[in-house]
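Asker: The lines below spell out each chain.
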Amino acid sequence: MAKIGVFICHCGENIGAKVDCTKLAAAMGEHPGVAVSVEYKYFCSDPGQESVKRAIRDNNLTGVVVAACSPRMHEATFRKACAEAGLNPYLCEIANIREQCSWVHTDNDQATEKAMDITRSMVEKVKRNNKLQPIEVPVTRRALVIGGGIAGIQAALDIANAGQDVVLVEREPSLGGHMAQLSETFPTLDCSQCIMTPRMVEAAQHPKIRLLTYAEIESVDGYIGNFSVRVRMKSRYVDINKCTGCGDCITKCPAKKISSEFDCGLGKRTAIYTPFAQSVPNIPVIDKANCIYFKNGKCKICSKTCQCDAIDFDMQDTFEDIEVGAIVVATGFQVQNNTMYGEYGYGKYPDVINGLQFERLASASGPTAGKILRPSDGVEPQTVVFIQCAGSRDPSKGVRYCSKICCMYTAKHAMLYAHKVHGGKTHIFYMDIRAAGKGYDEFSRRAIEEDEAAYLRGRVSKVWEENGKLMVRGVDTLLGRPVEIAADMVILATAIIAQPDAKEFAKTIGIGYDEYGFYNEAHLKLRPVESSTAGVFLAGACQSPKDIPDSVAQASATASKVLALFSKDMLEREPVVATNNEATCAGCWGCVLACPYNAIEQKDILDRSGRIIKRVASVNPGLCQGCGTCVTFCRSNSLDLAGFTERQIFAEVMGL
Amino acid sequence: MSIEEQYRTRAKELLSGGAVKMVIGYGKGSNAKRRRPIFISSADEVERLVLDDACITNLSGYLVSEGLLSDEKRVAVFLRPEGIRAINILAAESQLDAEQIVIFGFDVAGNEVTALKGINVEEFSDIIDSIKEGAPEAAEEELFEKIEKMSPQERFSFWQKEFAKCIKCYACRQACPMCYCRRCIVDSNQPQWVNTSSHTLGNFEWNIVRAFHLSGRCVECGNCDRACPVNIPLRLINHRMAEEVLGAFDHFAGTSKTQEPVLASFKKDDSETFIL
Ligand SMILES: Cc1cc2nc3c(=O)[nH]c(=O)nc-3n(C[C@H](O)[C@H](O)[C@H](O)COP(=O)(O)OP(=O)(O)OC[C@H]3O[C@@H](n4cnc5c(N)ncnc54)[C@H](O)[C@@H]3O)c2cc1C
Ligand code: SF4
Ligand code: SF4
Ligand code: SF4
Ligand code: SF4
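So the protein sequences, as listed, match chains Y and C. Using numbering that gives the first Met the number 0, read the first sequence as starting at 0 and increasing by one per residue. Using numbering that gives the first Met the number 0, read the second sequence as starting at 0 and increasing by one per residue.
Treat the hints loosely; a few may be bogus.
List time: in silico DSS-like cross-link candidates among lysine-lysine, alpha-carbon distance up to 25 Å [said to hold, decoys possible]:
(1) Y:Lys613 / C:Lys72
(2) Y:Lys256 / Y:Lys287
(3) C:Lys72 / Y:Lys602
(4) Y:Lys207 / Y:Lys267
(5) C:Lys72 / C:Lys131
(6) Y:Lys251 / Y:Lys207
(7) Y:Lys297 / Y:Lys241
(8) Y:Lys233 / Y:Lys255
(9) C:Lys20 / Y:Lys613
Hints were generated in silico from the structure; no laboratory data involved. Please read these numbers as outputs of a predicted model, since none were measured by experiment.
Work the whole structure out from these sequences, hints included.
Answerer: The structure is reproduced here in structure tokens:
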């Protein structure tokens with residue numbers, strides 16, 4: 000005989016103001032199989048949970064229905080309370096009478112009526128619930144960190160310093176990401192390289208970190224605690240074990256005119272190169288597309304120069320399979336290409352540059368050794384104009400969102416310019432100044448008050464060249480009049496966008512992304528560093544535009560999640576998994592294809608002499624995520640989902 | 000030599016040489032216009048084979064009879080293009096090994112019977128592609144269009160009237176080569192999603208389930224339609240579903256033996272964000 004307890008929560012006013020909980024409790028008390036039906040102001044509170052536990056013990060309840068908020072909120076809370084009272088937690092269900100009822104209805108009588116339907120249908124389901132035991136799976140204690148920017152480096156170091164193994168995969172020849180390109184950093188103006196390079200070296204030398212640069216993720220299979228990852232090691236054409244990083248080959252390489260990606264096109268590099276002088280590892284790669292030998296079959300000067308015989312033109316990509324238990328995605332961002340704003344002349348006028356290019360000009364290791372010289376003729380610009388939100392907050396041409404860091408780095412650029420070009424004039428067109436953060440507003444005020452940056456609130460409509468000047472026409476909306484400035488250089492604060500391959504890559508690792516390609520967190524407020532896939536975490540600007548402090552904080556947060564995961568030998572998984580009835584399965588194997596987690600295998604049923612009697616589908620409970628896709632697909636109705644069995648769902652529907 | 004004779008000769012050769020263990024074809028029926036399936040396993044019997052414009056039943060369903068192919072021996076079968084497509088689907092759904100099937104392909108136009116060249120199912124892919132390109136029309140274009148033009152209410156009452164006749168004999172299911180499940184969902188009674196009694200609700204449930212389970216799989220051979228003792232125009236539903244799947248997913252059932260089932264497969268570049 001079922002003895003179900005029904006616990007109706009007022010959720011303060013949230014439910015109580017719309018649903019007549021007393022009436023609901025009375026009605027449920029009458030329902031067949033219900034032994035207890037009570038109401039209370041906050042069942043999730045300590046006394047509330049205690050009363051549920053007491054009712055279970057006193058009445059020997061066989062099932063519990065808590066009519067309250069969404070199961071996403073408190074299913075775990077009440078299931079835990081039930082377990083503490085000796086009831087199998089999977090015999091507890093939540094009837095959602097808040098989000099699906101009181102919050103969306105205006106009429107009290109109808110809301111009460113609907114709450115009765117919802118609760119009754121859950122009572123009917125619970126009567127058919129089975130006791131379930133959590134599934135235990137082993138954990139591989141090794142983390143994969145994808146992306147060697149500041150976020151990835153921080154996550155790798157934190158995990159490694161706690162004694163766990165890390166594989167750090169970076170697709171470029173060197174660690175560093177964007178931070179390595181920056182000159183000084185807001186809000187303290189400390190030199191980016193000086194705080195970055197020691198981190199890079201520490202990561203490369205850490206005994207617990209295996210660094211794979213110039214490497215890409217080919218595929219990711221498996222599930223939390225047990226991922227298998229295939230990594231492609233792109234051929235560097237330089238043997239990493241023989242090369243000493245002397246750099247002789249780089250000096251001798253005759254292909255010297257290649258535009259440097261690291262310097263954003265403002266500098267040149269050779270075909271055999273390291274992205275920058277402080278690269279980690281300090282081992283060059285050959286850029287096959289621009290190498291004279293690969294193009295014409297003649298040259299090999301680098302190989303003749305190399306005293307270690309490290310150059311190998313026949314090198315091929317190799318693959319390595321790695322088993323890991325957790326993955327941190329730290330693949331960063333890109334800056335938007337501003338050529339879409341034809342009116343700003345980016346790409347047309349060499350002295351219209353973007354913020355990242357300005358970083359390279361201002362950087363001591365950059366193409367001008369830190370002098371602000373305009374790209375066209377190497378002359379020091381006396382008047383500069385910065386245009387903020389060049390792409391951001393522009394739903395028609397750019398992106399709808401705020402890139403978050405441009406207000407700050409533009410203020411920084413104005414300061415660096417003032418410090419380096421004495422007497423230079425700075426104008427900044429802005430929409431709003433968003434300087435929320437520790438020391439941030441003070442920083443931008445400093446640009447205005449001490450370094451005399453002239454902020455103009457308004458947009459720029461056009462930039463054109465006239466008599467060797469860049470003419471900038473815009474509007475000052477505070478004064479309500481148009482302005483025209485004759486500038487020597489224009490700097491666009493370009494929008495921060497997702498990596499161009501972000502969506503593709505998300506599919507490779509199986510995580511969600513938003514319309515822009517930034518990766519989705521499991522819950523924006525409560526689970527901001529977890530992806531929707533268990534065991535995959537997000538750090539840095541791949542999730543949304545971020546500055547360095549936020550990227551680092553998030554990276555350390557992912558490390559703590561990974562370490563928590565690694566703190567146990569076995570992982571407990573929800574037992575909500577599919578099972579197959581082999582007797583009725585027709586072996587069509589449609590479910591094998593339909594399962595998005597590759598959790599279903601083909602299985603032969605053999606007789607004693609080893610002959611195949613029947614071929615069926617078989618669910619691997621370790622891989623199954625309980626999504627139910629297969630259940631809906633199976634025509635012969637052979638698949639069923641524990642915790643949501645057909646019998647339960649049917650009873651739930653009929654209970655309405 | 001008529002095609003009937005050619006095929007008898009080929010059947011004789013295959014059977015006497017042991018290349019196939021059985022030939023599934025058409026024999027005389029209860030009257031001049033009816034043909035019934037025959038199963039021949041000795042070369043002496045080939046004279047019983049008939050091939051004319053009355054040979055319309057899709058015989059592919061017999062191939063999945065329990066145990067028939069489990070000895071890995073080959074079986075020959077007379078098939079029209081729809082039947083050949085059915086072989087592809089059955090192979091794609093792991094119900095048979097296409098290597099074991101020797102095809103006696105033919106087609107009927109008016110009362111003209113033509114032979115289709117080929118033995119293995121792959122050899123017919125050009126023919127199948129050309130059918131797909133030709134965008135097959137509904138059996139009764141006029142009635143089909145009339146229903147298309149109806150308002151949802153009118154259409155509902157049209158089908159309500161038709162389904163009211165259904166006696167749940169499941170002849171349509173038995174006749175369909177794609178209805179090979181050992182236990183059909185309608186026979187599952189824990190819980191009983193589909194009402195077994197033949198009242199309007201149960202009849203609707205059954206016919207809608209049937210339509211869904213066959214969308215993207217039905218080859219429009221007409222077996223079900225002909226089998227229905229109360230003449231429900233099942234062909235119209237089948238055709239509508241086939242059109243739907245072709246339009247939405249560019250999926251034409253049975254183009255190859257490795258074709259992925261349309262409702263079980265998804266593409267990684269699918270823009271639907273709910274699929275990870
Ligand atoms: C012009 C400009 C000025 C800035 N100034 C400041 C400042 O002054 N102060 C401040 O706090 N912040 C500043 N920032 C922001 C700062 O650059 C970012 O916060 C920081 O770089 C984010 O780090 P990250 O590791 O998340 O991403 P990234 O630095 O972009 O690193 C990502 C790394 O992942 C690698 N990667 C990408 N995809 C893959 C893949 N599929 N497989 C393997 N590896 C991959 C990339 O090659 C890269 O090395 C500035 C940004 C810009 C554009
Ligand atoms: S879909 Fe159903 S019938 Fe087909 S293999 Fe899977 S479980 Fe078996
Ligand atoms: S419920 Fe079915 S489709 Fe979903 S993960 Fe499990 S086996 Fe795969
Ligand atoms: S549903 Fe009917 S027409 Fe379609 S394949 Fe089955 S028997 Fe043939
Ligand atoms: S053959 Fe006709 S009567 Fe019989 S179950 Fe099918 S639709 Fe109903």
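Asker: Work down the list of hints and note, for each, if the structure agrees.
Answerer: Cross-check of the supplied hints:
no. : hint                : in the structure
1   : Y:Lys613 / C:Lys72  : 17 Å, holds
2   : Y:Lys256 / Y:Lys287 : 14 Å, holds
3   : C:Lys72 / Y:Lys602  : 22 Å, holds
4   : Y:Lys207 / Y:Lys267 : 36 Å, violated
5   : C:Lys72 / C:Lys131  : 32 Å, violated
6   : Y:Lys251 / Y:Lys207 : 36 Å, violated
7   : Y:Lys297 / Y:Lys241 : 23 Å, holds
8   : Y:Lys233 / Y:Lys255 : 23 Å, holds
9   : C:Lys20 / Y:Lys613  : 22 Å, holds
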